[in-house]
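Trainee: Could you put the whole structure together from the sequences, leaning on the hints where they help?
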Amino acid sequence: MRSAEVFGLRWECDLGKDLFIKHSAWEGKLYERHTKKAKPRKVAVDNRTRLALDSWKEICSDTRPEALMFPSEKTRGTIHQ
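In my numbering, the protein residues as written are 271 to 351.
Among the clues, some could well be false.
Below, computed lysine-lysine pairings styled on DSS-like, alpha-carbon distance capped at 30 Å [what the hints assert, rightly or not]:
#	residue 1	residue 2
1	K327	K312
2	K299	K309
3	K327	K309
4	K299	K287
5	K292	K312
6	K312	K287
7	K309	K287
8	K309	K292
9	K299	K327
10	K312	K299
11	K327	K292
12	K327	K287
Taking CB as the label site, the calculated pair distances span [to be verified]:
#	residue 1	residue 2	range
13	C330	D288	16 to 22 Å
14	L321	Y301	27 to 33 Å
15	K299	D332	15 to 21 Å
16	K287	K309	17 to 23 Å
17	F290	N317	17 to 23 Å
Note that these hints are calculated values from the structure, not bench results.
Even glycine gets a Cβ: it sits at the ideal position worked out from N, Cα and C.
Mentor: So this is what it looks like as structure tokens:
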């Protein structure tokens, strides 16, 4: 995964065994369907990553489906589309 795709992940993208990549985030903006090939895709999640994501979700302040998984402290999770 590319860093812009990681920062564009929302909790709704967590499908358990996979992450559904359909956004990217760059310079405080969220781009819909803006992956390198412009097509949404699934990425498999290994056990170690699954454990890390589950632990992260437990301590996240906002886990609504539309919330970013990895919000910026600078923007406090606010991102412009």
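Trainee: Which of the stated hints cannot be reconciled with the structure, identified by number in ascending sequence?
Mentor: No hint contradicted; all consistent.
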